[in-house]
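**Student:** Those sequence lines, one after another, are chains F and L. All residue numbers for the first sequence refer to the working numbering, where the first residue is 1 and numbers rise by one. All residue numbers for the second sequence refer to the working numbering, where the first residue is 1001 and numbers rise by one.
Treat the hints with care, as some may be off.
[Unchecked claim] Pairwise CB distance ranges, derived in the manner of DEER restraints:
no. : chain 1 : residue 1 : chain 2 : residue 2 : range
1   : F       : G45       : L       : A1051     : 47 to 55 Å
2   : L       : S1027     : F       : L112      : 21 to 29 Å
3   : L       : A1051     : F       : L38       : 56 to 64 Å
4   : L       : R1065     : F       : V66       : 25 to 33 Å
5   : F       : S9        : L       : D1136     : 55 to 63 Å
6   : L       : A1122     : F       : L112      : 26 to 34 Å
7   : L       : H1073     : F       : L112      : 24 to 32 Å
8   : L       : I1149     : F       : L112      : 26 to 34 Å
9   : L       : N1002     : F       : W127      : 41 to 49 Å
Hints are computed from structural coordinates only; laboratory data are not their basis. Given the structure is predicted, the values throughout are model-derived calculations rather than measurements. All residues carry an ideal CB built from backbone N, CA and C; glycine is no exception.
The primary structure of each chain is shown beneath.
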Amino acid sequence: MNDMSFLKSFVFLLVLFVFVSVVSVFEASALSEDVAALAIEEAEGVVASAYEAVLEAEEAGANISVLVARLNDAGEDLAQAHVSYRVGDFEGAARFADLCREIGEGVRVEALGLRNLAVLEAVQRFWWTMTMSIMSAVTILCLSLLGWRIFKRRYFRRVLGMRPKVVSSES
Amino acid sequence: MNLEDYRTLFAVTTVGLMLTAAFPTLSLVVPFPRSAERFSELWVLGPNRMAEDYPFNVRVGEEYRVFVGVGNHMGSSSYYMVYVKFRNQSQPLPDASNSMPSPLSPLYEFRFLIIDGGSWEAPLAFALLEVSRLEDSCLVRRMSLNDVIFSVDSPSSWDSESDGFYYQLFFELWLYDVTSRSFQFHDRFVGIWLNMTG
């Protein structure tokens, strides 16, 4: 009787253990799927922001070739994260997404710095170009006026120096 | 020429030279329209990075290699995505005229940035790993793309006109749109036909 009772208890505990194990595996899987999905979503947002910052830096005239190369690494990781997620490798997906986010954040900060620098340089360049343009235009105007005065004087001297010439006509 | 004509000539020449001197400043202030057409290129090359020797008659378990490339002529750096999809003859292709991508789920993907005037190219190794064949039907169960294994479960019927079980591996080009903050199908796709021979 005691043996039967022990066996029943053992079977009950075994069934309970298996049930708890299966539930926790499913829960863990669902959890890691959610974690991976969230990590990918965050990484996508970071890469998009980084790209927009790079675009602004490019429009401001900054050299973005290094940033593009680094953002490509981030894009590669993001693509890997999506592919891993599709085949059910949620841990791999989360890992790739985290790597991507790390690179993307760095690129975004650097791009903003580069953009600010490029804007500053563009403003300086604009003032320098405008100053040079104005100086050139004023110089051209002055030289032109001076040239016109000299030309006019020579022109009048030439016209006044002309003498009417009598030409005999033979019939 | 009289003096009045000379004065006009001097004035016109002076104004012309002054405008030339002011051009660098004007070019920074006045936005000059760009006449160049904006577009992107998408291509697929064979294993030797040439438009030849594309894999066509494929066997189970053998690995094949192609190169996919994109060229950017959009006027600024662009963020692209290429979806790799697999279809049989009856499954839909993208509808580029209506800007509709294929409704099939992507298997593999690439994401990358290209500066204006630049290009990008990457290899794609693929293999059909598990294929079931009956007399007039074929079912591709699993395939690998760059060493990642995917379940595809794509059936195909015998094409009596072309003598084969035909599948297509195709690539869709997507472009990131800053306004909507999402990728949009960029009306470009390219693919290679595969004949499941053995």
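**Student:** Would you mind marking each hint as holding or not holding in the structure?
**Tutor:** For each hint, the structure was consulted:
1. F:G45 / L:A1051: 47 to 55 Å: 38 Å, violated
2. L:S1027 / F:L112: 21 to 29 Å: 27 Å, holds
3. L:A1051 / F:L38: 56 to 64 Å: 42 Å, violated
4. L:R1065 / F:V66: 25 to 33 Å: 30 Å, holds
5. F:S9 / L:D1136: 55 to 63 Å: This hint holds: roughly 59 Å between Cβ atoms.
6. L:A1122 / F:L112: 26 to 34 Å: Hint holds: Cβ distance 29 Å, inside 26 to 34 Å.
7. L:H1073 / F:L112: 24 to 32 Å: Since the Cβ atoms of L:H1073 and F:L112 sit about 27 Å apart, the hinted range of 24 to 32 Å holds.
8. L:I1149 / F:L112: 26 to 34 Å: Between L:I1149 and F:L112, where Cβ atoms are some 41 Å apart, the hint is violated.
9. L:N1002 / F:W127: 41 to 49 Å: 44 Å, holds
Of the numbered hints listed earlier, those contradicted by the structure are 1, 3, 8.
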